[in-house]
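Participant: Sequence:
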Amino acid sequence: MFLTSVAKKKEPPFHPFDFFEPNAETIKAMEELERGENITPFETVEDLMKHLNAPD
Numbered sequence: 001m002f003l004t005s006v007a008k009k010k011e012p013p014f015h016p017f018d019f020f021e022p023n024a025e026t027i028k029a030m031e032e033l034e035r036g037e038n039i040t041p042f043e044t045v046e047d048l049m050k051h052l053n054a055p056d
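Residue 1 is where the sequence shown starts when you use the working numbering, and the numbers rise one by one after that.
With a straight-line Cα cutoff of 25 Å, these simulated SDA-like cross-link-like pairs (lysine to any residue) come out:
1) K50 to G36
2) K50 to T26
3) K28 to T40
Since the hints were made in silico from the structure, they are not lab data.
Make a model of the complete structure from these sequences and hints.
Facilitator: As structure tokens, this is what we get:
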């Protein structure tokens, strides 16, 4: 039934935020992303991983 619903509607029968209530910090980050602010592009996955694993 789940796959039939997805195939017919071209979307899942639920929204991801039905199970997730973002906090103020997450909402701020999502709003910044929508405005194109504070985005760091990476050429490769390796570059991204180096950035994520770098000491703060």
